[in-house]
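Visitor: Top line first, the protein sequences correspond to chains U and Z.
All the letters of the first sequence, read from the start, carry residue numbers 1 to 571 under my numbering.
All the letters of the second sequence, read from the start, carry residue numbers 1 to 571 under my numbering.
Everything labelled a hint here was simulated from the structure, so no lab data went into it.
Treat the hints with caution; some may be incorrect.
Put simply, identical chains are the same to the list, so a pair is met inside one copy or across any two.
[To be verified] BS3-like, lysine-lysine: derived pairs with alpha carbons at most 30 Å apart:
| no. | residue 1 | residue 2 |
| --- | --- | --- |
| 1 | Lys489 | Lys34 |
| 2 | Lys569 | Lys249 |
| 3 | Lys393 | Lys2 |
| 4 | Lys213 | Lys5 |
| 5 | Lys569 | Lys64 |
| 6 | Lys430 | Lys34 |
Protein chains: 2
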Amino acid sequence: MKMSKMFMPTLREVPADAEITSHQLMMRAGMIRKMASGVYNQLPMGIRVFKKIENIVREELEKKGCQEILCSGLIPSELWKESGRWDVMGAEMMRVKDRNDRDFCLGPTHEEVFTDLIRQEITSYKQLPLNLYQIQVKYRDERRPRFGVMRTRTFTMKDAYSFDIDEAGLDKSYQDMYDAYTNIFARCGLDNSPVQADTGAIGGSVSAEFMVKSEVGEDEIVFCSGCDYAANMEKAVSVNTSLDKEEMKELTEIHTPNVHTIEDLEKFFNLPANRFAKTLVYEVDGKTVVVVVRGDREVNETKVANAIGGAVEFELAREEVVRAVTKAGIGFAGPIGVEADYVFIDNEVAEQNNLVIGANKDEYHIQNANYGRDFEGTVGDFRNVTEGDKCTKCGSELEIARGVEVGHIFKLGTKYSETMGANYIDKDGKSKPIVMGCYGIGIERTAAAIIEQHHDENGIIWPLSIAPYHVVVVPVNIKKAEQMEAAEKIYNELQSMGVEVLLDDRDERVGVKFKDSELVGIPMRITVGKDITDGKVEFKLRDAQDKELISLDEIKSKIEAEFVKNNVKLG
Amino acid sequence: MKMSKMFMPTLREVPADAEITSHQLMMRAGMIRKMASGVYNQLPMGIRVFKKIENIVREELEKKGCQEILCSGLIPSELWKESGRWDVMGAEMMRVKDRNDRDFCLGPTHEEVFTDLIRQEITSYKQLPLNLYQIQVKYRDERRPRFGVMRTRTFTMKDAYSFDIDEAGLDKSYQDMYDAYTNIFARCGLDNSPVQADTGAIGGSVSAEFMVKSEVGEDEIVFCSGCDYAANMEKAVSVNTSLDKEEMKELTEIHTPNVHTIEDLEKFFNLPANRFAKTLVYEVDGKTVVVVVRGDREVNETKVANAIGGAVEFELAREEVVRAVTKAGIGFAGPIGVEADYVFIDNEVAEQNNLVIGANKDEYHIQNANYGRDFEGTVGDFRNVTEGDKCTKCGSELEIARGVEVGHIFKLGTKYSETMGANYIDKDGKSKPIVMGCYGIGIERTAAAIIEQHHDENGIIWPLSIAPYHVVVVPVNIKKAEQMEAAEKIYNELQSMGVEVLLDDRDERVGVKFKDSELVGIPMRITVGKDITDGKVEFKLRDAQDKELISLDEIKSKIEAEFVKNNVKLG
């Protein structure tokens, strides 16, 4: 492509609303433009990168025997009502009525559609296993779209669904996808880690997220410093750090005016935060939920939601609800005598004696509260991991990092096949539910994560595997015939080799051209300047400082060597 | 691909709701499955064909310098309000509100979005011309989805938009697209004709439809038997066939009880239909519109709508409206004394003397009515062409055929750039509106049109250029090791040549395998049977009766020759 003809509107300035590097650079490199909050259009430099990622995804999935299909993004509500998710999905799912007032949604995910397709076509174990995928635009009306294509309302997703006769088959399908994802993200040049994750609204038993560590990541990931344990914060567990048991003491009510927070309590009682239990009241889908964790801990809402079988709306209770549940204002809630639909007690609170708790009475706290003797509830793990907690697998310290989720794989089991009647006849003649898995990759978000890991102060540094173009040929002065002719000749020769090449034939200063090619991140640059009279050009890699004067007949081997080095197929 | 692993649910029976051949064969060949009325999912055999068409489109457009982008299908209403089309589009445009109650539509077409993108990035004549395209899912809530993927509510469309500094630039861009389309449809194996078309809701001055002649086509196309004139029925014109002028006679009112239709009138008056004028009353967007054409003619509603500057709802008037306009019941309307917002008189009616018309009085007609003397109205071409009419270009007879519209190209001019302020600064320093064109191809519909033109009683006969697979290798008996081994070897060798090949390794009778490969339309079949002991296999083309016994070392050259013959690149 000749850059004089190309639609590549680069920006010198950082757009005001772009907070993170990948968003800034995608805008500046002319890859994307915003049309509405969380809604982007993809320009030539963008779509070329996204398609490279898509093709890597296709290749790796097809190696595992996955087959591509394409389902409609407009989905009749009946399927979602059958699975029970029409009401569960909340405002994130965009809904639309057709001219006959029939309800549809814009697919945020496609479990129902694939299950419906399969139940109509699969009857026998002989037709299984099967793994079908699509690369398709998804719609999710995020409450707070942000960070460019990291969190948008429409985005391209590869979603795959596996169909097996039993759990052993699912284990193999899941492992195949795990391996395919590992290869995909490696080929995209991403340093990434699969972590255990919660299955959330998709459902199922086991799931893993592929996380790219990044300061701008929206998710917190917990890693063990001593073993391979890794999980996202929603799912992560740690060893309880309950204090040594001591003799139970007598309950004592203490007047604590103007003492509301754990910090206030620490000062008032002159005790560390782990001597207190804090009691939080939530409203969850119309029910009241009380959760008690130690004063130095945070409630893990996902674990709480799972304990009550899932939740759509999960909010801290309004003051009047807190008062109804605890008979006191906010700040004085405690587990003794609360009247809620659910009461959950974190393990550490249950294990520890003589805690200070709210008295459920304005301006009072209670000392020496003990689970079992003074209050009851469902005991379990309802807290977030804290940096320095111990790993439940090996006892080493846990670390917390931020990450960007680029892929997510789930063992769904028979959740959808049972509710929607997707069965097959097994060898023994019996009808059994198909065992399913599902597997997603966010295409644009993967590109953003790559930029987060591959950039410098001048712009993007694309890995060769997904660069929009491999090489840019820059004549220093397009008015000098010998430079322009040599540049065109190199351009044509590289094209015929199958190299994707840009010719910067714009009438601009060479400094502007260099800046643009660095901004958009083209891996190799060939500069045709005055040395062309000696048959020499300058060769420079985007990710290196060195420039090298090489002769014209070295160009081909130089470039081929880069393809070999980066393990990218040429042509 | 091994067929034992492939998700290719073929059907023996013709599905009950599939009326036309392409719909039947797409269903039977396992290419598509219906999810809701006008909403289809694409299975592996389908998506492979659709992607082949997409890639031909890409190649031919990029030869013309078009650049691919991808815009969001979810479009904020503000853009459509700016262009004035938010209200014009009617129920066909699906609308959706986001969680903040903001209006969006699901893009039925993208003029506004592309214009918006361009007005933000283009400032100077130096950045033009530009031609951008996308291949994307469109949403149109058709009143009557039918004929499989011929008329659906979601479909894949390639839409391109050109941006030029002036009309001469647009002429070139339009011609480039005209040529690209001609190449695209030729490469798809389609016998097609570009015809003049009405510009409709898209707007603009000139447009052409690429029509595939087919009995099942939803459109009527008018062709000249003597010259290259071709237009769709909405747009087609013919020479007026007014009768010779005669002396104007005196108006005479005749009692015509129970005479309502033109047929009734022909009998009653013993005159041919062309001696009558028929007067139709319409309600168009709340206005009353009267149209008068000769008794042997039909009203062309598109021409009428264009005469009043466009129409959304265009319906024959209800009886009470007819009575308000004509003072008589249906069947006795005439042009004398009607009171309507618009009165249109077809040229033939204006040119001809002494017509019989309705009297605007129940059970009465009037003889010897003459335009000018007895009634007035806007005179113009408001009728459909009839088979046998004369061509306005050359005088030869016009013929009428049915066709499927696979592409449509428009000269938009400055319709969108003026209303939306997409301007550029010209060489002379003046701000001018960008001159636009737009160009669409329906991907799935093109595939359906190909099937309509390429099939026999056994199934689809894909042109090599868009076949889902090029070759199927069929071992007659998979239990015979020598057949299966030879088949696998051929399969592997062809794959390494870049041939897309199926191995029918299913444990089925060979007749079943042949039936399937003919149904899905694979162009070449290699059957490995008992002759393999002599090193021979059977080679058969899908579109020929002959089978040929060839030796193993002839396979490669046989197949390569087909690629050359069909002008398809291998690998």
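Visitor: Please go over all the hints and tell whether each is borne out by the structure.
Guide: Results for each hint:
{"no.": "1", "hint": "Lys489 to Lys34", "in the structure": "neither (38 Å within a copy, 52 Å between copies)"}
{"no.": "2", "hint": "Lys569 to Lys249", "in the structure": "neither (73 Å within a copy, 87 Å between copies)"}
{"no.": "3", "hint": "Lys393 to Lys2", "in the structure": "neither (57 Å within a copy, 43 Å between copies)"}
{"no.": "4", "hint": "Lys213 to Lys5", "in the structure": "neither (38 Å within a copy, 37 Å between copies)"}
{"no.": "5", "hint": "Lys569 to Lys64", "in the structure": "both (19 Å within a copy, 27 Å between copies)"}
{"no.": "6", "hint": "Lys430 to Lys34", "in the structure": "between (54 Å within a copy, 29 Å between copies)"}
When held up to the earlier numbered hints, the structure conflicts with 1, 2, 3 and 4 and fits the remainder.
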